[in-house]
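Below, each chain spelled out in residue letters.
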Amino acid sequence: MNTRDPILELIGVNKKYDGFELKPLDLSLERGYIMGFIGENGAGKTTTIKSVLNLVHLDGGRILVDGLDSVKDEIKVKEKIGFVFDDTHYYEHLKVDQMTEIIRRFYPRWDQALYKRYIKQFDLPERKEIKQLSSGMKMKYSLAVALSHHAELILLDEPTSGLDPVFRSELLEIFQELISTGERSIFFSSHITSDLDQVADYISLIHHGELIFTEDQETIRDRYHLIKGGIHQWNPLAAEACLGVRKNAMSFSGLTADVEMARKFIPGEVVIEPANLEEIMIHIARGEQHA
Amino acid sequence: MRSLIFKDLALLRSSRLFFIGLLYSLFIIFDRGGSDSALGTSTFFLVFISYIFVNYLNSYDYMNHGDRFVNAFPVSRKQVVEGRYGSVMILVICFLVLSYGLRTLLWILGYPYATGVVNIPQFTVVIFAVCLYYGIMLPLYFKLGYEKLRWINLISLIIVSVASTVISALIGSFPLFSKWWMPILGIFVGWIVLRISLQRAVKYYESRDF
Numbered sequence: 001m002n003t004r005d006p007i008l009e010l011i012g013v014n015k016k017y018d019g020f021e022l023k024p025l026d027l028s029l030e031r032g033y034i035m036g037f038i039g040e041n042g043a044g045k046t047t048t049i050k051s052v053l054n055l056v057h058l059d060g061g062r063i064l065v066d067g068l069d070s071v072k073d074e075i076k077v078k079e080k081i082g083f084v085f086d087d088t089h090y091y092e093h094l095k096v097d098q099m100t101e102i103i104r105r106f107y108p109r110w111d112q113a114l115y116k117r118y119i120k121q122f123d124l125p126e127r128k129e130i131k132q133l134s135s136g137m138k139m140k141y142s143l144a145v146a147l148s149h150h151a152e153l154i155l156l157d158e159p160t161s162g163l164d165p166v167f168r169s170e171l172l173e174i175f176q177e178l179i180s181t182g183e184r185s186i187f188f189s190s191h192i193t194s195d196l197d198q199v200a201d202y203i204s205l206i207h208h209g210e211l212i213f214t215e216d217q218e219t220i221r222d223r224y225h226l227i228k229g230g231i232h233q234w235n236p237l238a239a240e241a242c243l244g245v246r247k248n249a250m251s252f253s254g255l256t257a258d259v260e261m262a263r264k265f266i267p268g269e270v271v272i273e274p275a276n277l278e279e280i281m282i283h284i285a286r287g288e289q290h291a
Numbered sequence: 001m002r003s004l005i006f007k008d009l010a011l012l013r014s015s016r017l018f019f020i021g022l023l024y025s026l027f028i029i030f031d032r033g034g035s036d037s038a039l040g041t042s043t044f045f046l047v048f049i050s051y052i053f054v055n056y057l058n059s060y061d062y063m064n065h066g067d068r069f070v071n072a073f074p075v076s077r078k079q080v081v082e083g084r085y086g087s088v089m090i091l092v093i094c095f096l097v098l099s100y101g102l103r104t105l106l107w108i109l110g111y112p113y114a115t116g117v118v119n120i121p122q123f124t125v126v127i128f129a130v131c132l133y134y135g136i137m138l139p140l141y142f143k144l145g146y147e148k149l150r151w152i153n154l155i156s157l158i159i160v161s162v163a164s165t166v167i168s169a170l171i172g173s174f175p176l177f178s179k180w181w182m183p184i185l186g187i188f189v190g191w192i193v194l195r196i197s198l199q200r201a202v203k204y205y206e207s208r209d210f
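If you read the protein sequences in the order shown, they are chains X and F. Take the first sequence: its position 63, counted from the start at 1, is 63 in the numbering used here, and no numbers get skipped. Take the second sequence: its position 137, counted from the start at 1, is 137 in the numbering used here, and no numbers get skipped.
Hints are computed from structural coordinates only; laboratory data are not their basis. Certain hints may be false.
Unchecked claim - Lysine to aspartate or glutamate pairs mimicking DMTMM-like chemistry, simulated, CA-CA at most 20 Å apart:
| # | chain 1 | residue 1 | chain 2 | residue 2 |
| --- | --- | --- | --- | --- |
| 1 | X | 80 | X | 183 |
| 2 | X | 72 | F | 147 |
| 3 | F | 203 | X | 73 |
| 4 | F | 78 | X | 258 |
| 5 | X | 23 | F | 209 |
| 6 | X | 247 | X | 197 |
| 7 | X | 116 | X | 177 |
| 8 | F | 143 | F | 82 |
| 9 | F | 203 | X | 59 |
| 10 | F | 179 | F | 82 |
To be verified - Facing chain F, a subset of chain X residues (Cβ under 10 Å, in silico):
| # | residue |
| --- | --- |
| 11 | 17 |
| 12 | 20 |
| 13 | 81 |
| 14 | 87 |
| 15 | 89 |
| 16 | 108 |
| 17 | 166 |
| 18 | 167 |
| 19 | 213 |
C-beta atoms are modelled at their ideal positions from N, C-alpha and C, and glycine is treated no differently.
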């Protein structure tokens, strides 16, 4: 383990499909932190996670995991990663212990005692068929598997979608526990922004394959504001200071990272308030794009 | 690669297909595959039964996003392909040992319908048919995936099975095919076919995105 290197580093990662492009993407995640990766469906979240696992071929850039190249050192890199996909890919007719028997052979650092501990902690029935497990149980099982080979980077692709709020809350607590030692990091894609508000140290927002920002939560709270007013107050010049604007017949709401500049163009009384992640995402994804 | 083969065999073991394999073995005992056999029924069934098993693995992987799942583990694409070739070979060898082994055992025990031990020409054709079939179909599977291939797969199976059955029935008339070295030659040629096929399959699979 090289503690000086970021656990995950994406350098100019680029992937082109017909009708979609993941534009050159730069990201870095240090050890001991959770990074939330948000964006609307089809924004490029899953493509990014697949790139880290070398499931797709990059058209440009490179990915380093603990300083190792994800293509040249593919096997070593994958040994360091625990993954949880949005929908479980396990062989449904197998029992939990049968599935584990298959999976553990892929990992030289598999720790059966640790696995048993997680099974007990998560209250998972080992003799049940996977298809009989609830969505939450499947997610917990995926997590137990991801953690039992001493993964240093946990990749989670929409892990909380489809889970009830109580279970989501439990899962988020588990995530916080996992990083408490400072040895693991979590890269967590989601469109449920309230989950990320609670646990993520850093947030990266992707929209139409382009990284809009990657910031720590405090900076986001300080920097991004909503400026709201009546539609008669709207001045098209203010759009230049907004990342996204939503308008209806009565009012407008603009997301800005430069309140002073936006305020110059908008006369009269307006409401200025810090934007939360959901508002940021909605304004960028559904609002008119400007700055 | 061992972990991948283990995965395939564990999946088969946990399915009801396992019993079909045993049923096949019982059926093959009654096939009069001795030197006086006119029809190589067992040739057809050997290709067919291995097809059912391999197709089960392919379809199961397809239904469970197996390509994405397996390739997220610490394995390379090359190892995934080699693993599937390894599983296929193990299955074929198991069926060969089971069918010819049981038949030989019953022949030794004096069971009246078990007239043959190992029919060399038929054995050669079986080996070659299996290598040819999988040598063509596996690279196509790794290039196109299960769904696009399933009808081609079935049609090829029928062609290869029927052709090998007819050939094994005809070659009884040619003494050359009864020579002891014919199975060795069959295995050698089959091995070359599979080696070339494996290289193509790896190349195709390495170019895919999941």
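Status of each hint after checking the structure:
1. X:80 x X:183: holds, 12 Å
2. X:72 x F:147: Distance of about 31 Å is beyond 20 Å: violated.
3. F:203 x X:73: The hint holds at about 19 Å.
4. F:78 x X:258: violated, 51 Å
5. X:23 x F:209: holds, 18 Å
6. X:247 x X:197: violated, 26 Å
7. X:116 x X:177: Given pair residue 116 of chain X, residue 177 of chain X holds - Cα atoms ~18 Å apart, limit 20 Å.
8. F:143 x F:82: holds, 14 Å
9. F:203 x X:59: holds, 18 Å
10. F:179 x F:82: violated, 32 Å
11. 17: Residue 17 of chain X check passes; min Cβ-Cβ to chain F is 8 Å, inside 10 Å.
12. 20: violated, 12 Å
13. 81: Holds - the Cβ of residue 81 of chain X comes within 10 Å of chain F, reaching about 8 Å at its closest.
14. 87: holds, 8 Å
15. 89: Holds: closest Cβ of chain F sits about 4 Å from residue 89 of chain X, inside 10 Å.
16. 108: holds, 8 Å
17. 166: violated, 28 Å
18. 167: Hint on residue 167 of chain X: violated, closest Cβ of chain F at ~23 Å, above 10 Å.
19. 213: violated, 27 Å
Going down the numbered hints, you'll see the structure goes against 2, 4, 6, 10, 12, 17, 18 and 19, while the others check out.
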